[in-house]
Amino acid sequence: MAEDYVIEMLHITKEFPGIKANDDITLQLKRGEIHALLGENGAGKSTLMSVLFGLYQPEEGVIKKDGKEVRINDPNDANRLGIGMVHQHFKLVECFSVLDNIILGVEDTRNGFLQYASARKKVMELSERYGLRVDPDALISDISVGMQQRVEILKMLYRDNEVLIFDEPTAVLTPQEIDELMEIMRGFKKEGKSILFITHKLAEIMAVADRCSVLRKGKYIGTVDIKGTTAQQLSKMMVGRDVQLTASKKKSVPGETVLSVRDLVVPSRTHSNNAVKGVSFDVRRGEIVCLAGIEGNGQTELIYGITGLEKISSGSVTLCGKDITHSSIRERSSSGMSHIPEDRHKHGLVLDYSLEKNLVLQKFRDPRFQSHGIIKADAVRTYAEGLIERFDIRSGQGPITISRSMSGGNQQKAIIAREIDKDPELLVAVQPTRGLDVGAIEYIHSQLIEERDAGKGVLLVSLELDEVMNLSDRILVMYEGNIVGEFDPAATTVEELGLYMAGARTQERKEA
Amino acid sequence: MKQKKSLAENGMLISILASVISIVVGLLFGFILLMILNPAKAGIGMSAMLTTGFSSMDQFGKVLYQSAPLMLCGLSVGFASKTGMFNIGASGQYTIGAFCALVGAIALQLPWYCCLVLALVGGGVWGIFPGLFKAVFNVNEVITSIMFNWIGMFMVNLLYANMPIMLASAWGASNSDRSAALSAANRGAIIPKAGLDKLFGNSSWINISVFIAILVAVIVWFILEKTTFGYELKACGLNKEASRYAGINANRNIVVSMIIAGGLSGLGGGLYYLAGTIQYVLEKRILSMGFNGIPVSLLANSNPIGTIFSSLFISYIQVGGSAMQPNFSSESTDIIIAVIIYLAAFALLTRGLIVRLLTGRNRKEGKA
Amino acid sequence: MNLLANIISLTIVFAVPLMLVALGGMYSEHSGVINLALEGIMVIGALCACFTLQAMDKNGFGPVHPQLSMLLAILVAGLSGMVFSLLLAFAAINLKADQTIGGTALNTFAPAFAVVVTWAVQGQGLTTIQIPSWIRITQATFGLEAGNGFFDSLIFKYFYLTTPIAVVLFFAAWILMYKTRFGLRLRACGEHPQAADSVGINVYKMRYSGVLISGFLGGIGGLAYTIAVGSGFSSSVGGYGFLALAVMIFGNWKPLQILGSSVFFALFKVIAAYNSSIPFLPKLEGLKDKSSLYQMLPYVVTMIVLIFTSKNSQAPKAEGIPYDKGSR
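Residue numbers (the working numbering), protein chains in the order written: chain L, 1 to 512; chain V, 1 to 368; chain U, 1 to 328.
Calculated from the structure, these hints are not laboratory results.
Only a predicted model underlies this, so the values are computations on that prediction, with no experimental measurement involved.
Take the hints with a grain of salt, since some may be wrong.
To be verified - Distance windows between CB atoms, simulated: (1) Gly230/U to Asp177/V: 18 to 24 Å; (2) Arg356/V to Thr309/U: 42 to 48 Å; (3) Gly260/U to Val281/V: 32 to 38 Å; (4) Gly286/U to Val218/V: 46 to 52 Å; (5) Asp453/L to Ile304/U: 55 to 61 Å; (6) Asn2/U to Ser55/V: 55 to 61 Å; (7) Ala140/U to Arg120/L: 51 to 57 Å; (8) Glu15/L to Asn252/U: 43 to 49 Å; (9) Pro279/U to Phe211/V: 55 to 61 Å; (10) Arg330/L to Leu28/V: 49 to 55 Å; (11) Ser446/L to Glu225/V: 36 to 42 Å.
Unchecked claim - Within a straight-line C-alpha distance of at most 25 Å, the following computed BS3-like cross-link-like pairs (lysine-lysine) qualify: (12) Lys363/L to Lys226/V; (13) Lys284/V to Lys283/U; (14) Lys322/L to Lys376/L; (15) Lys96/U to Lys346/L; (16) Lys376/L to Lys422/L; (17) Lys219/L to Lys20/L; (18) Lys284/V to Lys363/L; (19) Lys422/L to Lys240/V; (20) Lys288/U to Lys284/V; (21) Lys346/L to Lys311/U; (22) Lys311/L to Lys226/V; (23) Lys346/L to Lys283/U; (24) Lys311/U to Lys311/L; (25) Lys240/V to Lys96/U; (26) Lys346/L to Lys240/V; (27) Lys311/U to Lys254/U; (28) Lys317/U to Lys240/V; (29) Lys179/U to Lys122/L; (30) Lys240/V to Lys311/U; (31) Lys157/U to Lys121/L; (32) Lys346/L to Lys317/U; (33) Lys205/U to Lys283/U; (34) Lys376/L to Lys240/V; (35) Lys226/V to Lys422/L; (36) Lys290/U to Lys284/V; (37) Lys20/L to Lys325/U; (38) Lys317/U to Lys96/U; (39) Lys226/V to Lys376/L.
Cβ coordinates follow ideal geometry from the N, Cα and C atoms, glycine included.
Chain L with its partners taken away, still in its complex shape (with noise of 0.2 Å):
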């Protein structure tokens, strides 16, 4: 046991009103490897690292510098030990410049006052060493992503920290940007710094990573050596069983054309450019169709521009023939769109409305619920246990349940029900089982299934290609606000997908 650790994190145990988000937990970093922690969307990467760099206290367990017990008790602390972090989202403010942003907190100053000579001269050789070109004098707001994040990296090492962790660094990169990042990972390695890469990519893993720990629901499940591994392994430790390729459903029949887009420019809120770039597809009745992508290559806003959220730049949208292009949300809805929408805090619930609210969302003004402008309360409920029974929504006190209340499964199971008991001819799901366990995620793939099989047209947004493969009867990859791709589920994998998603290859579509 005399390897040189550099940071140890021994049976970190942390926990949140009502989930043990680490559930004794062991990690230990050499110094000078590059370290992944590897994990499913909520398996409690994130968690342990906040604790990690002093934002979280844990309940139980110790961590170790160099050998000795530390308490890390605010970032502060965790600077001073030399542990720096890029966080997900980003720590920057906006209009501020750039190297206003790297020496905050750890600003030069003399009788007072600010003192960049210093401190721009130390920003120019780091970037210069490392490959990290930015202008020190841009604001934050006028750069992109890319850059941003290596402000962030900036950041780190002009504290000269040398422990650095990553935290889902290439979720909002671009391919190329991703290969520079890995560059400049091996770049601070051969410096004797060491890293902790939080991700949930394999390739990335198996191209740049030392050593893997693997978390899965909050739990250690074990630490491997790269070069005496494969992807499928790491995998299988991840998910904690063999992806299943094959799901229990009929073949698609798919009858007439449901959904038609063509064209389509939706701008983006984020920056000056179009997220979506003029993209067309059919949605038949009859099948699902599933847009698979990497976050943030334009799905959110197709779907949007689709729903009715977003105004579009130009192109069309026809629903059932019916040309809904400049339609409101309401004509969409009642013209037969449902839709489930991606965030189900933000969209999808009146979180401080009681369930049965909720489940009347948008039909409220039916004839049925309401009369002369008057809620019909009877109705209302006679409805909404209709529904809680028939989906099986569990709740603390039936349809007077305050929706906040529910748990993440049911109060998307309420959204489901409501969508579906729509009866649409077109019904749109965004990643509608994020963050839910495998119970909840069964059943909502078995009610989309349903929906096809009774004739609906089904337009699926997902991240997870396991659901993509799972479920869908053609698959679209987006990459970059275009359709790169169309595939057959069962005539193409995982990995041909990925190079598509990643933008490595580009198909031409004859089809629409």
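Guided by the hints, dock chains V and U onto chain L, whose structure is given.
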């Protein structure tokens, strides 16, 4: 299951308890302040504040009379808060409403109910601005409301000065710094007393305005709780994005709710100045009635029915406050009101505390 | 010519409180706390300062050392404003209260408190605190002959110690905000408190600092306003706290623009008072009470400006949002 249910049923109880606690703390604070300032007279002052309202039918009539505009301003603030808007502009809407009512009464010689409609419309028009600025230009409604309080006050002064017929001097009185007395200008515009004055010992204050206000409170409650319109408004206030997703036009609702809120304040102004006992005095000062709608609404937790009681309470201590002179200034009541508002600012915290005290368990257990 | 001198000097004396208070608001908002309580803070500052001046007058120190007493009064104004603003800071920062409601509470409290205290101290009905006349800086202060020329009116007609102190405070506020470590960290807390926290800045401490500075400047502003009005303190600052809020927004949360907009707002106030004797203004024949019109205009202009600037407002992004360590 049972435990959860009883807690939920206590939601209303907790709200009431929180309000009672803030009232008690406010009164205590006021008492301590009086003790510091004038220990010998503090007891007399405090009891004047707390008993005057019930001391005679005349005083009680005044409590009821003043509670009507307070109730409407409170309803206004509460209604706006249902769509997530903080209506600090009730004062301006109230001023405009009062002006419109008096124009109807004095310049146009209309009967009282027409004047009240004018007040409602005038206040509603003034409520358009914060709503529209928020919905269209995304300007914080607090800023717009504050600006329009001042714009309204200066504009009303300007209009009075340029409408000589509105001033007392045009109706046989000598002063031109206030609106004409309705007893001289138009008796038909005075809100009827319906025999209540006899009941209240010939009180000059009492009229049917408090019943009008209570009726409005019930209507507001009905709109919020029983109609699709109220359902939409509250959905917007609780989660604007989700209501947009559900096809509810959030911006339209913000504007409409502010128009209604403005109308309620405006009606309050009409009720106050059409009683025939008070004349509008031209001063370069924002009227406090609209601001007092804020504590009324906060004490009632924005509940329209609760507003009936909270406005009666605030009116009661205000009437009592003026009886504290000459030992203390009547503004002593405002100090108590300020403490109540201050406590309401972190009402959630107080409520959490009450829940914990009531259940005798800490939060973690309660949740699990 | 004397009219021009009067207008300029009166504009300056009214711009001083607006600028100070708006700068105070700027500090609070850059730290992330909306300070709606400026009006109340001004009242408390003016109240305490006026009592100080009165006491100085009575004990004989004031007439002998007028400017020293004035300096003391200014300090009292600032410190009392600071203490009062602690109430807002505590509610907004520690209790994560609704800042707008908290500010409203303080605005309700301050004038009522001032009336009650003045009443109790001076006796029933005497709700105006008289300000001694010796506080004005005159030619005699510098050993000069009293005159009636242009420059006499321009400089000495409304010259108080608050004016030079305001100039000093303006530069101090500007330097502190943009040239020091404190300013950089403060602004970070108002823009992105999570970012500030992640680099080890104590957001609570910075926000307290921001609110306290606004209390200090607001308190002095209250005294400056009372002096500018010149008729003693009657428990009110005439809505100048709210006007200062408009000045701050109009000034885009930046010191130099705040200076400009406070002069602009003060000018309208003065025009409102002098409109009949200013030759180049439109006559508006037949319109009575023109002063109301001129006093209304700055608010209208602010609203119009807000329409055009709201799309790319410079308002601190995190203002009004309580910072919760748990939610990072």
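Review point. Given the hinted pair Lys376/L and Lys422/L, is their alpha-carbon gap at most 25 Å?
Key: holds (19 Å)
Exercise for review: Would you check the hint for Lys96/U and Lys346/L, treating anything up to 25 Å between C-alpha atoms as holding?
Suggested key: Holds, because 22 Å separates the two Cα atoms, which is no more than 25 Å.
**Study point:** 46 to 52 Å as the expected CB spacing between Val218/V and Gly286/U, which holds or is violated
**Key:** With Cβ atoms ~47 Å apart, the hint holds.
Review point. Taking the CB of Ala140/U and the CB of Arg120/L, does the distance hold inside 51 to 57 Å?
Key: holds (54 Å)
Review point. Can the restraint linking Lys317/U and Lys240/V be considered satisfied, given a maximum Cα separation of 25 Å?
Key: The given pair, whose Cα atoms are some 19 Å apart, holds under the 25 Å limit.
**Study point:** Pair hint outcome, Lys226/V versus Lys422/L [Cα-Cα no greater than 25 Å]
**Key:** Given that 25 Å is the threshold and the Cα spacing comes to 23 Å, the pair holds.
Practice item. Compare the distance between the alpha carbons of Lys422/L and Lys240/V with 25 Å, and conclude whether the hinted pair is satisfied. Key: Satisfied, since the Cα-Cα distance of roughly 22 Å is no more than 25 Å.
Exercise for review: Sort out whether Lys311/L lies within 25 Å of Lys311/U, counting only the CA atoms.
Suggested key: Measuring from Cα to Cα gives roughly 18 Å; hence the hint holds.
Point to revise | Status of the given 32 to 38 Å range, CB of Val281/V versus CB of Gly260/U | key: holds (36 Å)
Check your understanding: When you check the alpha-carbon spacing of Lys20/L and Lys325/U, does it fall within 25 Å?
Key -> Within the cut-off at roughly 20 Å; holds.
Point to revise | Outcome of range test on Cβ distance (Asp453/L, Ile304/U; 55 to 61 Å) | key: holds (59 Å)
Review point. Holds or violated: are the alpha carbons of Lys346/L and Lys283/U at most 25 Å from each other?
Key: Cα-Cα ~56 Å, so violated.
This entry does not satisfy hints 14, 18, 22, 23, 31, 33, going by the numbered hints stated previously.
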